[in-house]
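Enquirer: Sequence:
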Amino acid sequence: MIKGLLDPKIDFVFKNIFGSSKHPKILISFLNAILKPKHLIKGVEIQNTDLEKHFVEDKFSRLDVKATTSNDDEQRIIYEMRSKILKDKVSALSKAKNDGIKQGIQQEKIETAKNLLKLGMDISLVKEATKLSEEEIIKLKEILKK
Numbered sequence: 484m485i486k487g488l489l490d491p492k493i494d495f496v497f498k499n500i501f502g503s504s505k506h507p508k509i510l511i512s513f514l515n516a517i518l519k520p521k522h523l524i525k526g527v528e529i530q531n532t533d534l535e536k537h538f539v540e541d542k543f544s545r546l547d548v549k550a551t552t553s554n555d556d557e558q559r560i561i562y563e564m565r566s567k568i569l570k571d572k573v574s575a576l577s578k579a580k581n582d583g584i585k586q587g588i589q590q591e592k593i594e595t596a597k598n599l600l601k602l603g604m605d606i607s608l609v610k611e612a613t614k615l616s617e618e619e620i621i622k623l624k625e626i627l628k629k
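The numbering of the sequence shown is my numbering, which starts it at 484 and goes up by one.
Heads up, some of the hints might be wrong.
[Claimed, not checked] DSSO-like mimics (lysine-lysine), calculated; alpha carbons at most 30 Å apart, straight line:
#1 Lys585 <-> Lys610
#2 Lys578 <-> Lys597
#3 Lys578 <-> Lys521
#4 Lys492 <-> Lys614
Don't read these hints as lab results, they were simulated from the structure.
Starting from the given sequences, assemble the full structure and let the hints guide the process.
Expert: This is the structure we're talking about:
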């Protein structure tokens, strides 16, 4: 990322740009551009300027632009921390999804192998059909005998 530019898709940055009571004209311009009301918005009252503790994705977080914000070191540190946390969450969710898919595929192979063994199919054919190891299939066959 270019130094001095922050990503407004992060809620912290978005709220600092558009939710500041110091610069209501920025929010008015943004709302008029997005909402396209019949009668232009001429004023706003920003009541809650506290930054929320949890990231909430909404239609505004999908903006694909970069914007400059305050050079305040504390705000930049908070932004970087929140940005890292969000990236970590996305990464963890992606890994969990992939792990779940792999686990589901493995479970389906096991169920298929069990069904084929119940039908009396030879271990070598079950191995070929499911791509499970011979050891796994033998263990399944032993479990089914019980």
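Enquirer: A separate judgement is required for each hint: does it hold in the structure or not?
Expert: Here is what the structure says about each hint:
1. Lys585 <-> Lys610: Given that 30 Å is the threshold and the Cα spacing comes to 18 Å, the pair holds.
2. Lys578 <-> Lys597: holds (29 Å)
3. Lys578 <-> Lys521: violated (46 Å)
4. Lys492 <-> Lys614: Given pair Lys492, Lys614 is violated - Cα atoms ~44 Å apart, limit 30 Å.
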